[in-house]
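Listed here are the chains, written in short residue letters.
Number of protein chains: 2
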Amino acid sequence: MRFLHTADWHIGKTLNGFSLLNDQRELFKQIERVAKAERVDAIVIAGDLYDSSIPNETAVRVLNGMLKQLNLVDKFPVLAISGNHDSAPRLSTGADWFSFQNFFLQTSLEGAFNPVVLEDTQFFLLPFFGIQTVRNYFNDPKIKNVDLAMQRIVAEMEKSFVPDKKHVLIAHFFAAGSKRTADSETLIEVGGLSPVSTKTLAPFDYVALGHLHNKNALHDERIKYSGSPMKFSVSEAKQEKGMWLVDTDPFQVKWIPLKPVHDIHLLKGSFAELAKDAAQQPTDDFYDIELTDQGRIPDVLNRLRAYYPKIVALHRTAFAQMTRNQANTKRAQAAPLDLLTDFYSETTGNQLSPTQLKVAKSTLSEIEGSK
Amino acid sequence: MRFLHTADWHIGKTLNGFSLLNDQRELFKQIERVAKAERVDAIVIAGDLYDSSIPNETAVRVLNGMLKQLNLVDKFPVLAISGNHDSAPRLSTGADWFSFQNFFLQTSLEGAFNPVVLEDTQFFLLPFFGIQTVRNYFNDPKIKNVDLAMQRIVAEMEKSFVPDKKHVLIAHFFAAGSKRTADSETLIEVGGLSPVSTKTLAPFDYVALGHLHNKNALHDERIKYSGSPMKFSVSEAKQEKGMWLVDTDPFQVKWIPLKPVHDIHLLKGSFAELAKDAAQQPTDDFYDIELTDQGRIPDVLNRLRAYYPKIVALHRTAFAQMTRNQANTKRAQAAPLDLLTDFYSETTGNQLSPTQLKVAKSTLSEIEGSK
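Chains as they are written, first to last, in the UniProt record's numbering: chain A, 1 to 371; chain B, 1 to 371.
Do not take every clue at face value.
Unchecked claim - Stretch-level coverage of chain B by chain A, calculated; a stretch enters the list once three of its residues show a Cβ under 8 Å from a Cβ in chain A:
| # | region |
| --- | --- |
| 1 | 50-64 |
| 2 | 92-99 |
What the hints assert, rightly or not - Heads up, incomplete: computed chain A residues facing chain B, CB under 10 Å, no partners named:
| # | residue |
| --- | --- |
| 3 | L67 |
| 4 | F103 |
| 5 | D120 |
| 6 | Q122 |
Said to hold, decoys possible - Calculated cross-link-like contacts (lysine to any residue; reagent style SDA-like; alpha-carbon spacing at most 25 Å):
| # | chain 1 | residue 1 | chain 2 | residue 2 |
| --- | --- | --- | --- | --- |
| 7 | A | K68 | B | Q101 |
| 8 | B | K29 | A | D96 |
| 9 | B | K68 | A | Q101 |
What the hints contain is simulated information worked out from the structure, not anything from laboratory work. Backbone N, C-alpha and C define an ideal beta-carbon position, used for all residues, glycine too.
All chains, please: the whole structure from these sequences, using the hints.
This is the structure in structure tokens:
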């Protein structure tokens, strides 16, 4: 059995207002190409198919088209679960019909105990769950955290283990020892922060996880996050994105990197340096910029966007520090006319015209005189 | 070929804040029972499956369960289209998988020209459409109204007619000569008010329409609205609800009434009469009440709800008329203390206490004295 392990597609996500749908479509094509080239027997998607519990109509159309392509056109068996970003009832619409075509979409805890058998492997599809759901299912109020919940779930799954089969768990949670780094991994469920111990997951030959977007969040030979197929936030800028190609017999896991369509770059420099370097940088990529200039730069974001149209964050640490240290002192000493001209140029990006300057001077003298 | 023609299920609809889901579940069971008893070969649902383009999760779960029951459990072929209340992209999620199990759900104009053939019949599934979609499809800006659009659509469908088959159209629009009565048939599309001529529909052996909720909206032997399975507004209170049982050969149409779970009643009478009759009326039904009393009745709606908990509308024609005719005259002549005590009892439902009355009297004398 050879399968692809991917997760966290977050179809419909935007990055600081920029739609990522075209990038998501391109990355989907890469995933599809790999699946074909590697002749996989199945594709596993470990939750967070959508970015939102109420995805917009375009996102619905796009994800539906992708799943149709993989399953109905390319004829790959697909195994998917709902993540914390998905609405289980919305995502599961039609799931009962999907399974006739080897598309197994599990959104309920009940269904997790009924494994999908493909070739030599039993797949257990466990959607994202709240602890209360597990308490209700086992009628046991003593289940106090996610790891205890998971111990009960795994014990229940083991009852269905067929000994001469491999056992793969597909799940969406926070595993102990893994590092959360990205702000796009927002947890909806209160209490969802408590981790599942990797020991609890020992009975499985492989655990295909979703939730954390970084494949390096956890280092374990058989328990892995695939991470998201693309960078969804500045905090993910330095991560390599991709998916796992898993063989069950003999067991082997191989990392398949995916090529970003529009990368996220972290740049640091003065306005002049950044303006000079812009010609060497891809125009359509996303930029997180740290400006090293200490002085005020009027209308700085719009002026930088002339060079880097898709700036998603701008930091001015040096300027902020200078401002904190000196601004109050400076302002107290400055002449009213200087304060006014500075303020004007800072907010509008222009200098006062001769007429404006004349009116400003005479008005200020008048005010001074009337004191 | 024998099929049931129903439409306008509006799953998730509320009536003046009262959920109708339980009623909708019960009516679904009646529909299912009829389908089994009459051994139909298919079930046609002519649009407006949901009440909203973004149905809530419960509505999603309920409709999905109903369709699963009819199609996957009972094994009925199901033919359905999107109506003006449905979101076509949301409703169509999974439709490509449905068709493998003889559940044909059409939400796009393109798909309408590819008939579904079941036994002796070609079914053309035409979802609710905007004129611009038809203009784009035929690349013809001269299509100015819905009837012209429909003429083009029908001509295009006729190209696929197989002569020795029967031809049934499933559609969701306003047909000429039909009467719109109900306020629950809200039109979303501007321009959607222009009607389709019944002449345009002549090529079909039967036209199964959705949109208007009253089966009597149109009188035509072969072009019929099934109406909704239940009353969705006070304006539908006097309508008999049900669906059509259609045989194609020999052609025959039979009306199958559905029994309301909680009916809507129109009552007229004085407060005293209505209070007296309440014991004879079903407590859980919906009531539209016209009060004939001319005088003020403090806190009247809450007091009536003690007898009729589910009042969806209250009219006070006689009181309003009396008020219009006399109130101004009366008020101008009334003493300030009478106005105050009337106002107090009308708004609170109680009389002024002796202390309140004392304070009111002394305050009013003070005001009078200070004039």
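Legend entry - Given coverage of the region 50-64 of chain B by chain A, tested with a Cβ cutoff of 8 Å and a minimum of 3 residues: holds (count 6)
Inset, instruction - Mind checking the alpha carbons of K68 (chain B) and Q101 (chain A) for me, to see if they're no more than 25 Å apart? - result: holds, 16 Å
Legend entry - Verdict on chain A covering the region 92-99 of chain B, where coverage means 3 or more residues with a C-beta closer than 8 Å: Coverage by chain A holds for the region 92-99 of chain B (7 residues, Cβ < 8 Å).
Legend entry - Hint consistency between K68 (chain A) and Q101 (chain B) [alpha-carbon to alpha-carbon, up to 25 Å]: Judged against 25 Å, a Cα distance of about 16 Å means the pair holds.
Inset, instruction - With chain B as the partner, please determine if D120 (chain A) meets the hint condition of a C-beta pair closer than 10 Å. - result: violated, 26 Å
Legend entry - Interface hint for L67 (chain A), Cβ within 10 Å of any Cβ on chain B: Holds, about 9 Å.
Inset, instruction - Let me know if the C-beta of Q122 (chain A) comes in closer than 10 Å to any C-beta of chain B, holds or violated. - result: Violated, because the Cβ-Cβ distance from Q122 (chain A) to chain B comes to roughly 24 Å (cut-off 10 Å).
Legend entry - Status of the hint placing F103 (chain A) at chain B (closest C-beta pair under 10 Å): holds, 7 Å
Inset, instruction - Quickly compare the C-alpha distance for K29 (chain B) and D96 (chain A) to 25 Å and report which way the hint goes. - result: Holds, at roughly 20 Å.
Consistency with the previously given hints fails for numbers 5 and 6, ordered from lowest to highest.
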